[in-house]
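First to last, the sequence lines map onto chains A and B.
All residue numbers for the first sequence refer to our numbering, where the first residue is 20 and numbers rise by one.
All residue numbers for the second sequence refer to our numbering, where the first residue is 36 and numbers rise by one.
Worth flagging that the hints you see were computed from the coordinates, not collected in a lab.
Keep in mind it's a predicted model, so treat the numbers as computed, not measured.
Glycine included, each C-beta is placed from N, C-alpha and C at the ideal position.
Mixed in with the good hints, there may be bad ones.
[Unchecked claim] Pair ranges (Cβ atoms, derived):
#, chain 1, residue 1, chain 2, residue 2, range
1, A, E85, B, D98, 39 to 49 Å
2, B, T141, A, E85, 12 to 22 Å
3, A, T71, B, G106, 27 to 37 Å
4, B, G38, A, A24, 21 to 31 Å
5, B, G107, A, S119, 21 to 31 Å
6, A, D28, B, Q119, 20 to 30 Å
[What the hints assert, rightly or not] With the C-beta cut set under 8 Å, the calculated list includes, among others, these residues of chain B facing chain A:
#, residue
7, Y68
8, G77
9, L78
10, Y83
11, P90
12, D98
13, F100
14, Q119
15, L126
16, Y143
17, F144
18, G145
19, P146
20, G147
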Amino acid sequence: AQSVAQPEDQVNVAEGNPLTVKCTYSVSGNPYLFWYVQYPNRGLQFLLKYITGDNLVKGSYGFEAEFNKSQTSFHLKKPSALVSDSALYFCAVRPSLSGSARQLTFGSGTQLTVLP
Amino acid sequence: GAGVSQSPSNKVTEKGKDVELRCDPISGHTALYWYRQSLGQGLEFLIYFQGNSAPDKSGLPSDRFSAERTGGSVSTLTIQRTQQEDSAVYLCASSLGGLAGGRLETQYFGPGTRLLVL
Numbered sequence: 020a021q022s023v024a025q026p027e028d029q030v031n032v033a034e035g036n037p038l039t040v041k042c043t044y045s046v047s048g049n050p051y052l053f054w055y056v057q058y059p060n061r062g063l064q065f066l067l068k069y070i071t072g073d074n075l076v077k078g079s080y081g082f083e084a085e086f087n088k089s090q091t092s093f094h095l096k097k098p099s100a101l102v103s104d105s106a107l108y109f110c111a112v113r114p115s116l117s118g119s120a121r122q123l124t125f126g127s128g129t130q131l132t133v134l135p
Numbered sequence: 036g037a038g039v040s041q042s043p044s045n046k047v048t049e050k051g052k053d054v055e056l057r058c059d060p061i062s063g064h065t066a067l068y069w070y071r072q073s074l075g076q077g078l079e080f081l082i083y084f085q086g087n088s089a090p091d092k093s094g095l096p097s098d099r100f101s102a103e104r105t106g107g108s109v110s111t112l113t114i115q116r117t118q119q120e121d122s123a124v125y126l127c128a129s130s131l132g133g134l135a136g137g138r139l140e141t142q143y144f145g146p147g148t149r150l151l152v153l
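Could you put the whole structure together from the sequences, leaning on the hints where they help?
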C-alpha cells in the first residue's frame, strides 16, 4: 500500500524568504504526485502534479516541486514567500500502474505560516 | 467554468439520525471520489465512481456508509444512524477519469460539507 509522510506539522518562514515543505512517499512502481493547498474553511485547491518528464514541476502561485526518485521525495518550494501563502498544504500520491487504485493517499498536512 | 459543488455546506444532526450529502461534479468528469477529513485521521478515501463501472467502496468505514451516483453525474453520500465519530468534513472530488491509465486525472475538490453529530 502507498503512503505519504510530511514530517513537519508546522513550518514558519519570514515573508520574502524561500520556503520548503517536505514530502516523502512510498508506492509500488512509479508515482503520480500532487500538492494541494487548503485555506481555512475551504476545500483543497490543486497546486501542481508530477506525472513524468522533468523532475522540476512548476505550478500555481509561483510554487514548484522537485521529484527525486532516489530519495522518494517531492518537496514543495517557493523562492519568495508571501503572507497570503499561509495555509495547510497536503502532499498526495497514487500509483501509476495501469489498473491500480486511483484514489489519492494524502500526507497529514503541513501548516505553513508566513510571518510579515 | 463551475467547479465541484457540495451541499449542504454545514450539517448538524443528532446521534442516530440519517444524513445525506450531495456532490455535483465538474461537467464532463466521469470519475468522482468521496474523502473524509477529520481531526486525528487526516484525509481518508471513502469511495470512488468511474463511469458505469462498479464503485470502489474499499474506503467506507462501516456498512452505515453508502453512496450512489445517478446518471453518471450527481452523487449522494448517505450515513445511517450517525455516530459522534462521524463528525468530519466530507470532501468530494471529480476528475476526467477514463481508462487511459489515469495520466490526465487531476482531482478537483469541492468546498466540503462540515458534519457535526451531537
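Outcome of the hint check:
1. For the hinted restraint 39 to 49 Å between E85(A) and D98(B), the CB-CB distance of approximately 43 Å keeps it satisfied.
2. Between T141(B) and E85(A) the beta carbon distance is about 19 Å. The supplied range of 12 to 22 Å therefore holds.
3. Between T71(A) and G106(B) the beta carbons are some 34 Å apart, a value that agrees with the proposed interval 27 to 37 Å.
4. The given range of 21 to 31 Å is respected by G38(B) and A24(A), whose C-beta atoms sit roughly 29 Å from each other.
5. Here the CB-CB span from G107(B) to S119(A) is close to 22 Å, well matched to the stated 21 to 31 Å.
6. As the Cβ distance of D28(A) to Q119(B) is approximately 25 Å, the hint placing it in 20 to 30 Å holds.
7. Checking Y68(B) against chain A: minimum C-beta separation of about 6 Å stays under 8 Å; hint holds.
8. Look at G77(B): its Cβ gets to within about 5 Å of chain A, closer than 8 Å, so that hint holds up.
9. The interface hint given for L78(B) is met, as the beta carbon of that residue sits about 4 Å from the closest beta carbon of chain A, less than 8 Å.
10. A least Cβ separation of about 5 Å between Y83(B) and chain A falls short of the 8 Å threshold, and the interface hint therefore holds.
11. Look at P90(B): its Cβ only gets to about 11 Å from chain A, farther than 8 Å, so that hint breaks.
12. The interface hint given for D98(B) is broken, as the beta carbon of that residue sits about 20 Å from the closest beta carbon of chain A, more than 8 Å.
13. With a cut of 8 Å, the hint placing F100(B) at the interface with chain A is violated, because the nearest CB-to-CB distance is about 15 Å.
14. The beta carbon of Q119(B) is not positioned within 8 Å of any beta carbon in chain A (closest approach about 21 Å), and the interface hint is therefore violated.
15. Given the 8 Å rule on beta carbons, the hint for L126(B) holds: about 6 Å separates it from the nearest Cβ of chain A.
16. With a least beta-carbon distance of about 6 Å to chain A, the hint placing Y143(B) at the interface is held under the 8 Å criterion.
17. Against a cut-off of 8 Å between C-beta atoms, the interface hint on F144(B) holds, since the closest Cβ of chain A lies about 4 Å away.
18. Taking 8 Å as the C-beta cut-off, the interface hint given for G145(B) holds, the closest approach to chain A being about 5 Å.
19. A distance limit of 8 Å between C-beta atoms decides the matter here; for P146(B) the minimum to chain A is near 4 Å, and the interface restraint holds.
20. Evaluation of the G147(B) hint against chain A yields a held restraint, the C-beta minimum of about 5 Å falling below 8 Å.
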